[in-house]
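Protein chains in written order, with my numbering: chain S, 19 to 386; chain R, 19 to 386; chain C, 19 to 386; chain Z, 19 to 386.
What the hints contain is simulated information worked out from the structure, not anything from laboratory work. Hints are supplied without guarantee of correctness; some may be wrong.
In this list, chains with the same sequence are indistinguishable; a pair is considered to hold if it fits within one copy or across any two.
[Unchecked claim] The list that follows gives simulated cross-link-like pairs (lysine to any residue, SDA-like), each with its CA atoms no further than 25 Å apart:
1. Lys232 to Ala302
2. Lys90 to Glu279
3. Lys90 to Glu108
4. Lys232 to Gly30
5. Lys232 to Asp187
6. Lys90 to Arg52
7. Lys90 to Asp21
8. Lys232 to Val259
9. Lys232 to Thr221
10. Lys90 to Arg54
11. Lys90 to Ser65
Number of protein chains: 4
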Amino acid sequence: MTDIGIGIVGGGYMGKAHAVAYAAVGAVFETTLRPRLEMVCATSEASADRYRAAFGFARATSDWQALVADPKVDAVIIASPQSTHRAIAEAAFALGKPVFCEKPLGRDVADSQAMVAAAEASGAVNMTGFNYVRTPATQEAIRLVREGAIGDITWYRGEHTEDFLADPDAPATWRCQGRETGTMGDLSPHPINCALALMGPITSLNAVVETVHKTRPGPDGPVQVTNDDHAQMMVRFASGVMGHIYASRTATGKKMGYAYEIHGTRGSIRFDGEDQNSLHVYRAEGPEAGRGFTRVLTGPAHPNYAAFCQGPGHGTGYQDQIIIEARDFLAAIEAGQSAFPTFRDGMEVNRVVDAAWTSSETRAWVDL
Amino acid sequence: MTDIGIGIVGGGYMGKAHAVAYAAVGAVFETTLRPRLEMVCATSEASADRYRAAFGFARATSDWQALVADPKVDAVIIASPQSTHRAIAEAAFALGKPVFCEKPLGRDVADSQAMVAAAEASGAVNMTGFNYVRTPATQEAIRLVREGAIGDITWYRGEHTEDFLADPDAPATWRCQGRETGTMGDLSPHPINCALALMGPITSLNAVVETVHKTRPGPDGPVQVTNDDHAQMMVRFASGVMGHIYASRTATGKKMGYAYEIHGTRGSIRFDGEDQNSLHVYRAEGPEAGRGFTRVLTGPAHPNYAAFCQGPGHGTGYQDQIIIEARDFLAAIEAGQSAFPTFRDGMEVNRVVDAAWTSSETRAWVDL
Amino acid sequence: MTDIGIGIVGGGYMGKAHAVAYAAVGAVFETTLRPRLEMVCATSEASADRYRAAFGFARATSDWQALVADPKVDAVIIASPQSTHRAIAEAAFALGKPVFCEKPLGRDVADSQAMVAAAEASGAVNMTGFNYVRTPATQEAIRLVREGAIGDITWYRGEHTEDFLADPDAPATWRCQGRETGTMGDLSPHPINCALALMGPITSLNAVVETVHKTRPGPDGPVQVTNDDHAQMMVRFASGVMGHIYASRTATGKKMGYAYEIHGTRGSIRFDGEDQNSLHVYRAEGPEAGRGFTRVLTGPAHPNYAAFCQGPGHGTGYQDQIIIEARDFLAAIEAGQSAFPTFRDGMEVNRVVDAAWTSSETRAWVDL
Amino acid sequence: MTDIGIGIVGGGYMGKAHAVAYAAVGAVFETTLRPRLEMVCATSEASADRYRAAFGFARATSDWQALVADPKVDAVIIASPQSTHRAIAEAAFALGKPVFCEKPLGRDVADSQAMVAAAEASGAVNMTGFNYVRTPATQEAIRLVREGAIGDITWYRGEHTEDFLADPDAPATWRCQGRETGTMGDLSPHPINCALALMGPITSLNAVVETVHKTRPGPDGPVQVTNDDHAQMMVRFASGVMGHIYASRTATGKKMGYAYEIHGTRGSIRFDGEDQNSLHVYRAEGPEAGRGFTRVLTGPAHPNYAAFCQGPGHGTGYQDQIIIEARDFLAAIEAGQSAFPTFRDGMEVNRVVDAAWTSSETRAWVDL
Ligand SMILES: NC(=O)C1=CN([C@@H]2O[C@H](COP(=O)(O)OP(=O)(O)OC[C@H]3O[C@@H](n4cnc5c(N)ncnc54)[C@H](O)[C@@H]3O)[C@@H](O)[C@H]2O)C=CC1
Ligand SMILES: NC(=O)C1=CN([C@@H]2O[C@H](COP(=O)(O)OP(=O)(O)OC[C@H]3O[C@@H](n4cnc5c(N)ncnc54)[C@H](O)[C@@H]3O)[C@@H](O)[C@H]2O)C=CC1
Ligand SMILES: NC(=O)C1=CN([C@@H]2O[C@H](COP(=O)(O)OP(=O)(O)OC[C@H]3O[C@@H](n4cnc5c(N)ncnc54)[C@H](O)[C@@H]3O)[C@@H](O)[C@H]2O)C=CC1
Ligand SMILES: NC(=O)C1=CN([C@@H]2O[C@H](COP(=O)(O)OP(=O)(O)OC[C@H]3O[C@@H](n4cnc5c(N)ncnc54)[C@H](O)[C@@H]3O)[C@@H](O)[C@H]2O)C=CC1
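Just chain S, same shape as in the assembly:
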């Protein structure tokens, strides 16, 4: 076992999640590389220091360049807003350090291309933070699709729906301004990444991106919402299969609507993030009278599960996804080999997002 110094930029929602993950991952997965919470960075010295104490880091800073450059920081986790991702990643790669970057990789394709170029030039291990694809259930779904368990795929439908802005009277916040924090920018990368993971590349699409609530209450009257609330797209995968993807932040009642269904010639698969510990699988085999969707509860027989519990059906949760992610990043570093989703995979998501905007604006199919 070898010590590895972890530096995390950001101590908010995801900064904390990664801090906990790196505190726990060694014991959970008995990794060869053992993380040391070396340094945390936040916008102010005060907040950085608060995160240091709260999460158990050795040191804190408000200067991400200091963190990146610190000799005791062996790997960099970027958990700050998308506008900051590129510069931080480029700096880390310049020093040859492995980088894990939260989704979406860059604000746009240009950002991401630069980041991929930097990553590939440096040869350092890189990974994008699409945690939802790492649940035991979705890893099992990927395995089933790959091994042909449901035959040739004929249809894919994916979505990610939440309702944090479903109420039209919810006040305007920073979330209501700027493409990169709208639904296409912020939420859709998850279901797009999911589709790519399960189905491979998208070659063309036709999308509608839309702002449902055009204004929201501000302190001095209605404020214009400048980004999108929900978006749908009809897609064509490189495999020839047709699909549909939907993302929404106005999906009243949905809390973790990361869901997909896949039809194949010999079976079907259904997953719903609101019941992340099960996968519904239909197999077109055996007598008709016995067929139906089987609710498979995840357990030690499925990917990424056994380290959390020897008992099947005992369940993993959101935080465990981040622990799995940490394990995979550490394993990649150890192997000197980036793993899905690499920065390149992250960039692919940006390309799809970009194409969707173009399609929505031109009301036409767009090739990728």
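Since the structure of chain S is already known, use the hints to place chains R, C and Z with the ligands on it.
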């Protein structure tokens, strides 16, 4: 109570369903008009006579014109293939008889326009056979949407998926030839009608219609499939709301995938035909800790239920939908007033189907 | 096909259900015996005549003896209160007429024994009205258990829960007086019959029968409730298997809680009457990673379904259960051979109810 | 923030779970007391050292007495077999150290009484490891019951079912010998603790405890199974409410069948550990047409959730339950005040288990 002589053209899948419905509807709903199973028509005298005996009709014929013209036939039910609908309906309307016609109304818009014209010229009561919209759950959903229970609608997603041609090795049959028996022609009318019932008119759409399995085994080798297996469309309703509709006969594992979800500013509704006795309703009210989708089991408190059973949750089934339909047709005749879905409503469905084909062929948005 | 004259005693909840069933059964199942709704009986001439007209009977009477004796009444359906079952059945058997009697067979074991004796002396076909056991799903469950699909049974749990008296402020009615209308008398026969159908005879039990709300509001203040609200029993089947049965009319939120789960050495089965069109089956076979409960939607591949619809998953409902029952009674008459549940099977249920009361009073195990 | 040295006895299933929990809990809950993984103990030096390295402890030992006595071990976690619990706890209490002991507290009531006596004599903080009661959903259920949200309780049904010994051909292991490792000894404490947490004390019960598979294959032929496979009990709570509890290790298909349902005069609650992130709540209020069970997804509005994720419905898992437990134990130490379930609460469970055995042997009700 008055006797009414019923003539049914067709004694197959739906002919039987309507025969049973008219045998039972009087006792179930204690209707004023009491149906008498007067005459059934099928392609041969032999089969017609078999249906007569099996379903309890007084007389049989292989000539639908005889049935339509028969003085003891007071109302005509068309349950024969779509190619026959128009001529039969026109003949019946010429005699001023009320007509119930199975979906889809005509083979295409031209057929349906002629049928609407004939219906409206005659002034006779007319109705199209979209039974799925008549379940207590969906009637309740319509009621909730209309009364604003879930606020302003922001998104609609509907589908109708089955898997009777999911197996690529299923042999080519008549179902694999001819637009009107493909998925757009035959299945999609149900979810389109459902969308229109819940959401009102569609004003534009963008569709992809597709044949998944291009050939199927025939007696002398592979046979070309000349119609479509599945289709999706992005739609815009007259209300301004965006939606999506999907229909498939290759949806492995789906048996009665007539399903929809509707998001509104104050709530959401979800329905799945594979559990037709419940409606899932979310209301964005009360403390956050108590919110969630409520599975409402249908009962006497909901439309169309009480006549079947005084106990809630005891359940209605497919055949009951047809009985409800019969009740509504009889009530319309009694009132001299056609009810949803009239022939005009049926024609609207054909128009959407037509537009979807055009859109798919031109790869462009089509206005209706 | 032969005509058979049906006489129904009672035109209430179940009288209507049977009237509809006999109106529809011929067309649905294409039965050899074709029912004619000959006569209906109710307490007053007026109500009997109302039922006649409403349900389509030829004649009405307020004298059940007249109905039983009428030469055009070939078979008698008893759908009047339990206190009337015995006398009507005895009179019908004396004339050698087949009798279908609603559950519970008699008010008590004595009643039922007399009825069984009369039935067996006459040699006439007899049947008890336990409709819930006739759903396609439960018939499939019985088939699976019998053919050993889930191996040797190791545990059975059944219940029937509703909530029509869950509200302590619901006023006292006739339902709150008299053992035969309490939960043990009125509701528990269903889950007991279900247990017997799936598992065979019960040989001993230990029960608690209880009145939850001891008084209820009456017009002049609180009224004593003299029967029971809910009851549980631990049972031992003749097969040696242990089980548990629960019945309640105070199960807040439950509308059709007719449910069971059965564990076997090679699989398990689960059913819930609030989703009567599916059966959940687990098979302990194949790789662990693929195991889980399969939700099998009933369809033409299952018992009693195909006559209602050629499409799987399209669903049957409460009224259809009564139609199936009518088919089975007609088939039994035609065959001259009573079918499960015969009067003897109905009496077995009374014996279990009786033993439960004794057990509850003595707080001890009771052998049957 | 203060450092606290943690010593864990046992490095198996639960030893690991607690090691991970204490590694993560500080960052998750930002606890005042910050755990230091000081020492782990296992049967051999080799295994202890392996656990040390794997989980990140500072030191290892094969002598639990050394661990307990070590000055840097400030709190003792007992995660070794039940036979060892008493001696370790007594030794730790003798030194005034706080003790967390895995369930079941002692092998039997005698053990537990001694442990309670030792705990109370020392005044040290003590806690028993019933983790399942700590999920956000079950904590919310407890809150709802306490605040009267479902009115007066009228019925309770709880169970814990798994299937790890459902296969009769599974070979005999140590699990098949000795009461404390049978279903009553090992599994039933969970659902009993759950019932006590939700409903308060049990005052009498009537149980059947049973070995389903009397022998199992051993290396030299069939081996006698000397403990029980499943058990049921009818219970009476001090509140007067009647209930039922079932535990099984032969419940084919069940993986995490920790489930309960509670009926009250104004609502009902249902929970199933196979979907631990939701609670089903029925409220008997509002119009009948809107009533039903609401599936409430746990989120920041519920107990114990927010520290894991700011987003509702994102889910917690098994390991998170142990982290919550660690938080609660640390908080108790900080407050100098033991929290539910204390050793006394753990002993109550042993008393119920004991009474169940007596009842099963005497086939009679037993008072507690
Ligand atoms: N994978 C997932 O499920 C989720 C991913 N995210 C992604 O994680 C990233 C962070 O989002 P949140 O944690 O929600 O944000 P947050 O607002 O909760 O936290 C952002 C953190 O970044 C720090 N920060 C901001 N600018 C900085 C700068 N210039 N230098 C150093 N530190 C800076 C802030 O001090 C703060 O600690 C985003 O890229 C977001 O898209 C966010 C939520 C969920
Ligand atoms: N609402 C629903 O759920 C469904 C609606 N349908 C619709 O019902 C209609 C009938 O379909 P199915 O019952 O499935 O067909 P089917 O093939 O089972 O039966 C067709 C019947 O029409 C008779 N027929 C055919 N040509 C005739 C003619 N020229 N003159 C007189 N009788 C003729 C045949 O003898 C046969 O009895 C179609 O329009 C179909 O789209 C079908 C299935 C389900
Ligand atoms: N299988 C099932 O799911 C159900 C079975 N039942 C059973 O059906 C039977 C009838 O119950 P409901 O229909 O609910 O009762 P109900 O009160 O709705 O109807 C009773 C009918 O019997 C008639 N009746 C009463 N006394 C009579 C007499 N002496 N002579 C002639 N007619 C008489 C009444 O006029 C009335 O028409 C009972 O045995 C009950 O246990 C009731 C409900 C559900
Ligand atoms: N709360 C829950 O969900 C669960 C609780 N448990 C409980 O946890 C406890 C431990 O069970 P498992 O972890 O499953 O057992 P295990 O067999 O996986 O691990 C037992 C550990 O205790 C150590 N040990 C045994 N005897 C010892 C001794 N005399 N001195 C020092 N170390 C010794 C062993 O070396 C081993 O590391 C039991 O009381 C069990 O009932 C077990 C599983 C689940």
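As a check of your reading, is Lys90 near Ser65 (CA-CA no more than 25 Å) within one copy, between copies, both or neither? within (21 Å within a copy, 32 Å between copies)
Give the relationship of Lys232 and Val259 under a CA distance limit of 25 Å: within one copy only, between copies only, both, or neither. Between copies only: 13 Å across, 35 Å inside.
Treating 25 Å as the Cα threshold, decide for Lys90 and Asp21: within, between, both or neither. Both: 10 Å inside a copy, 24 Å across copies.
Under a CA distance limit of 25 Å, which applies to Lys90 and Arg52: within one copy, between copies, both, or neither? Both: 14 Å inside a copy, 23 Å across copies.
Are the CA atoms of Lys232 and Gly30 at most 25 Å apart within a copy, between copies, both, or neither? neither (28 Å within a copy, 52 Å between copies)
With 25 Å as the alpha-carbon cut-off, assign the pair Lys232 and Asp187 to within, between, both or neither. within (11 Å within a copy, 49 Å between copies)
Checking an output row: Lys232 and Thr221, CA cutoff 25 Å. Within, between, both or neither? Between copies only: 21 Å across chains, 31 Å inside a chain, cut-off 25 Å.
When no copy is named, should Lys90 and Arg54 be tagged within, between, both, or neither for a Cα gap of at most 25 Å? Result: close both inside a copy and across copies, 9 Å intra and 22 Å inter.
Up to 25 Å between alpha-carbons, please classify Lys232 paired with Ala302: within, between, both or neither. between (46 Å within a copy, 20 Å between copies)
Treating 25 Å as the Cα threshold, decide for Lys90 and Glu108: within, between, both or neither. Result: close within a single copy only, 18 Å intra versus 44 Å inter.
Within a copy, between copies, both or neither: which one fits Lys90 and Glu279 at a CA-CA cutoff of 25 Å? For Lys90 and Glu279, neither the intra-copy (45 Å) nor the inter-copy (52 Å) Cα distance is at most 25 Å.
Consistency note: the structure conflicts with the earlier hints numbered 2 and 4.
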